[in-house]
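There are 2 protein chains.
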Amino acid sequence: MAALHDTLGRELGNLLERGRDRQLRLAVTGLSQAGKTAFLTSLVNQLRHAGVEARLDLLPAARDGRLLGARRLNQPDLGVPRFPYDPAMQALRDTPPRWPDPTRGISELRLELRYRPARSGWLRGAASHLTLDLFDYPGEWLLDLPLLDQDYYQWCQTRPFDQGEQRREVFAEWLAAAEALDPAAEADEAVLAELAEAYAQGLRRAKQLGFSQLQPGRFLLPGELEGAPVLQFFPLPHLSKPREELEALPDSSVYATLATRFRYYQKQVVQPFYREHFRRFDRQIVLVDVLGALNAGPERFEDLSRALGELMQSFSYGKRSLLRRLFTPRIDRLAIAATKADHVTPDQHDNLVTLLNSLLKEPLKDLRFADVPVKALSLAAIRTTWPREVNQGKTRLPALRGTTLEGEDVLVYPGDVPAALPDAAFWQRQGFDFPRFRPMPEVSGALPHIRMDAAIDWLIGDKLT
Amino acid sequence: MAALHDTLGRELGNLLERGRDRQLRLAVTGLSQAGKTAFLTSLVNQLRHAGVEARLDLLPAARDGRLLGARRLNQPDLGVPRFPYDPAMQALRDTPPRWPDPTRGISELRLELRYRPARSGWLRGAASHLTLDLFDYPGEWLLDLPLLDQDYYQWCQTRPFDQGEQRREVFAEWLAAAEALDPAAEADEAVLAELAEAYAQGLRRAKQLGFSQLQPGRFLLPGELEGAPVLQFFPLPHLSKPREELEALPDSSVYATLATRFRYYQKQVVQPFYREHFRRFDRQIVLVDVLGALNAGPERFEDLSRALGELMQSFSYGKRSLLRRLFTPRIDRLAIAATKADHVTPDQHDNLVTLLNSLLKEPLKDLRFADVPVKALSLAAIRTTWPREVNQGKTRLPALRGTTLEGEDVLVYPGDVPAALPDAAFWQRQGFDFPRFRPMPEVSGALPHIRMDAAIDWLIGDKLT
Chain A
1 MAALHDTLGR
11 ELGNLLERGR
21 DRQLRLAVTG
31 LSQAGKTAFL
41 TSLVNQLRHA
51 GVEARLDLLP
61 AARDGRLLGA
71 RRLNQPDLGV
81 PRFPYDPAMQ
91 ALRDTPPRWP
101 DPTRGISELR
111 LELRYRPARS
121 GWLRGAASHL
131 TLDLFDYPGE
141 WLLDLPLLDQ
151 DYYQWCQTRP
161 FDQGEQRREV
171 FAEWLAAAEA
181 LDPAAEADEA
191 VLAELAEAYA
201 QGLRRAKQLG
211 FSQLQPGRFL
221 LPGELEGAPV
231 LQFFPLPHLS
241 KPREELEALP
251 DSSVYATLAT
261 RFRYYQKQVV
271 QPFYREHFRR
281 FDRQIVLVDV
291 LGALNAGPER
301 FEDLSRALGE
311 LMQSFSYGKR
321 SLLRRLFTPR
331 IDRLAIAATK
341 ADHVTPDQHD
351 NLVTLLNSLL
361 KEPLKDLRFA
371 DVPVKALSLA
381 AIRTTWPREV
391 NQGKTRLPAL
401 RGTTLEGEDV
411 LVYPGDVPAA
421 LPDAAFWQRQ
431 GFDFPRFRPM
441 PEVSGALPHI
451 RMDAAIDWLI
461 GDKLT
Chain B
1001 MAALHDTLGR
1011 ELGNLLERGR
1021 DRQLRLAVTG
1031 LSQAGKTAFL
1041 TSLVNQLRHA
1051 GVEARLDLLP
1061 AARDGRLLGA
1071 RRLNQPDLGV
1081 PRFPYDPAMQ
1091 ALRDTPPRWP
1101 DPTRGISELR
1111 LELRYRPARS
1121 GWLRGAASHL
1131 TLDLFDYPGE
1141 WLLDLPLLDQ
1151 DYYQWCQTRP
1161 FDQGEQRREV
1171 FAEWLAAAEA
1181 LDPAAEADEA
1191 VLAELAEAYA
1201 QGLRRAKQLG
1211 FSQLQPGRFL
1221 LPGELEGAPV
1231 LQFFPLPHLS
1241 KPREELEALP
1251 DSSVYATLAT
1261 RFRYYQKQVV
1271 QPFYREHFRR
1281 FDRQIVLVDV
1291 LGALNAGPER
1301 FEDLSRALGE
1311 LMQSFSYGKR
1321 SLLRRLFTPR
1331 IDRLAIAATK
1341 ADHVTPDQHD
1351 NLVTLLNSLL
1361 KEPLKDLRFA
1371 DVPVKALSLA
1381 AIRTTWPREV
1391 NQGKTRLPAL
1401 RGTTLEGEDV
1411 LVYPGDVPAA
1421 LPDAAFWQRQ
1431 GFDFPRFRPM
1441 PEVSGALPHI
1451 RMDAAIDWLI
1461 GDKLT
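Chains A and B, in that order, give the protein sequences.
Using our numbering, the final residue of the first sequence is 465, and nothing's skipped along the way.
Using our numbering, the final residue of the second sequence is 1465, and nothing's skipped along the way.
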């Protein structure tokens, strides 16, 4: 822990800045492959080039020439890794351009924006500044929030390994071994470690297959807890005895040992993230790879839908919510974005937003009920394709030109995005298929994008007026 | 932090156990390559086989048949990685046998020893038990202790990059860049990050070359702090201005930024290890690769000597010591062992201990003054050679038979160990050279060793009477 003195000093400074509306903590998250690193890289890039090269017509402060620029400042949190903006830009400027390495865990970057306020009057002309703290963190960490509302017994009942056929396959080997384990037996640390590793292996394989709902999230990025008992638990798949009987088992039993580790995970791993980071974010954007899930088929699409439902619980902190009971979060604005919009033709972008809205229907209801302003949009943080038209007989069809990861220039029509949650007929047609594109070589200083300006406007535009 | 309730409950249980002399926390440390993993693996192995296969004649409880065995229990600290005993044994039992992977950071393993007390009387025959918590942690962490006694200005004056020719070479590139940096200039985060990376690179190369005195120690194993500003500082090599002037520089200056990070490192990285782990160890053993340093030449031998002097400060906590000011450590017994004794012929083992004693002369004085019982010995945790004799003319010379890492069976005479600190004449003769051996294939259940029993007796023997 920082010395109290330092912490107080920093907090006070932060409070003063925020009191004058001159500081904003903005967090970017998303499930794996959603494009967090690309988004944050592009965000920094657009703001740094806002005065000159960047095309930000949907951001009034930039369009009107009032956004004067952005410079990097030293970040306030010395224990949080810096967001690797320079290495990311280097990758994008390589020949051929490469996607930046994904970040792991949380990272941070501080910008100072200079702008001229829109209001005329005696202050007109004087430049103001906004300190923007940017964070990125894995959305998987939010999937652990529901764990805080359960005890070990309840978690076992949710059977997280048992949703869908592909997922069951991935966990089959672990399941057979775990079923043979007697909850009342004396816990053997080596056996539990082995089974926990098999469970973690199942999570890793599920992730490779494109599944999103993966609990406990830290099993995928253990960091310094690698090999520690806190990450060596798993659900017991067949609890035939009543809860009271299980909870009366001695401390050294399998059940009690796993339950203790589950509690430790709640308190030492899940809660600290919310306490030390989440509750301090003012605004957040959640990135969703809707198109990737459409590509991957019905089981993974449903999985994404469930995962988003759980993830969004972190944001719908109504009066009776779990988070509200832990502490008071203060997010006052939220964006949810379907990324990689450049992977479908422009005529499909509306459908993409509609689909995202359907996918998030229930969580959005809760958010609106909790009076958290939220906006859904589609974007491409770093644009990789250009729209074209091709003649087919007498009709002209929209298409995309881009370069695949393997370096092949292609002209494709990736398919229609359904405007509502896809039904069996959609999956039977299998009408949707897009290749992965690589970034385009740099032409101007600013990265090409689709609707990054709309996202920026929603997230910080009101602070630049 | 664990909930207070859990912590108190655990601490109370621990206290009760220790009150009855039935619990002991024993830590193993040593600078890189000293053989921590081999030692801890062998220690667990010997205790587990104490009743049967292990040869432990120097441990009275084992020799007299009173040590009945050891079993593994669940470790109490859920957030500390388990010591990977099984993978280590697997490596040693491979065909051909391999050395186990080195551990990183701290790890832990709990054993329960069962023994019959030596005292006769009405309790005779009843078995007692001792709970033994074993830890291993990098000795490099202890090299950071002296940092707690310095401020940033003082640390810069120590010029840790400037000791010896080879070391200067390693840091030359960094030094040139750092010298060009104006302490009063506005800090540029990217420039500081780059220079810090160059400094860390210097530390890594020095480590590869066999240097031991490497500060700050966490730069070598950053873990989750990789890329965080707390690990992005370095000494400023030429502070020509007086201290007062430097300390009056604004917060955003290079000097103030680096000094802030240095303080954060002291408080958030160095102190927590002492507070959360070190002060809770009852006994420790420090492993030293004296032979490796003899092999590597005078500059690295002197470096080892300096590093040991700094490392031992953690143990000599007299009334006015730095640690005593932070909290009360409670180590009541210390062992210092020259490892890899099987790499020299048995007639040299006495010299090895004498040399170790000379190397540690000053620290040992402090320890004796502070009334910390300490024993120096030589050992091989996992024996890799057998002594042989070879005829040379009419004399019989001692030699060693072993298998090199490359798999070649060799018969070697590695040279004489000097009984005192080696002088220029010794280094000129370059009389010392040993190959690295690989472990022997298993014959019985217990690992072959040299004087592990003497080490075990000193570290826990008195608890088994």
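Please keep in mind that the hints were generated in silico from the structure rather than gathered at the bench.
Among the clues, some could well be false.
One-sided and incomplete, this derived list gives chain A residues near chain B with beta-carbon spacing under 10 Å [unchecked claim]: (1) Gly-69; (2) Pro-81; (3) Phe-83; (4) Tyr-85; (5) Leu-109; (6) Leu-220; (7) Gly-223; (8) Ala-228; (9) Val-230; (10) Gln-232; (11) Arg-243; (12) Arg-261; (13) Gln-268; (14) Val-269.
Calculated pairs, SDA-like style, for lysine to any residue (alpha carbon to alpha carbon, straight line, at most 25 Å) [stated by the list, open to error]: (15) Lys-1267/B - Arg-279/A; (16) Lys-361/A - Asp-423/A; (17) Lys-1241/B - Val-1254/B; (18) Lys-1267/B - Arg-280/A; (19) Lys-267/A - Glu-1224/B; (20) Lys-267/A - Asp-1433/B.
All values reported here derive from a predicted model rather than from experimental measurement.
Even glycine gets a Cβ: it sits at the ideal position worked out from N, Cα and C.
Verification of the supplied hints:
{"no.": "1", "hint": "Gly-69", "in the structure": "violated (16 Å)"}
{"no.": "2", "hint": "Pro-81", "in the structure": "holds (4 Å)"}
{"no.": "3", "hint": "Phe-83", "in the structure": "holds (9 Å)"}
{"no.": "4", "hint": "Tyr-85", "in the structure": "holds (9 Å)"}
{"no.": "5", "hint": "Leu-109", "in the structure": "holds (9 Å)"}
{"no.": "6", "hint": "Leu-220", "in the structure": "violated (14 Å)"}
{"no.": "7", "hint": "Gly-223", "in the structure": "holds (5 Å)"}
{"no.": "8", "hint": "Ala-228", "in the structure": "holds (5 Å)"}
{"no.": "9", "hint": "Val-230", "in the structure": "holds (4 Å)"}
{"no.": "10", "hint": "Gln-232", "in the structure": "holds (8 Å)"}
{"no.": "11", "hint": "Arg-243", "in the structure": "violated (21 Å)"}
{"no.": "12", "hint": "Arg-261", "in the structure": "holds (6 Å)"}
{"no.": "13", "hint": "Gln-268", "in the structure": "holds (6 Å)"}
{"no.": "14", "hint": "Val-269", "in the structure": "holds (9 Å)"}
{"no.": "15", "hint": "Lys-1267/B - Arg-279/A", "in the structure": "holds (24 Å)"}
{"no.": "16", "hint": "Lys-361/A - Asp-423/A", "in the structure": "holds (16 Å)"}
{"no.": "17", "hint": "Lys-1241/B - Val-1254/B", "in the structure": "holds (14 Å)"}
{"no.": "18", "hint": "Lys-1267/B - Arg-280/A", "in the structure": "holds (23 Å)"}
{"no.": "19", "hint": "Lys-267/A - Glu-1224/B", "in the structure": "holds (19 Å)"}
{"no.": "20", "hint": "Lys-267/A - Asp-1433/B", "in the structure": "violated (53 Å)"}
Hints 1, 6, 11, 20, counting from the list given before, are not met by this structure.
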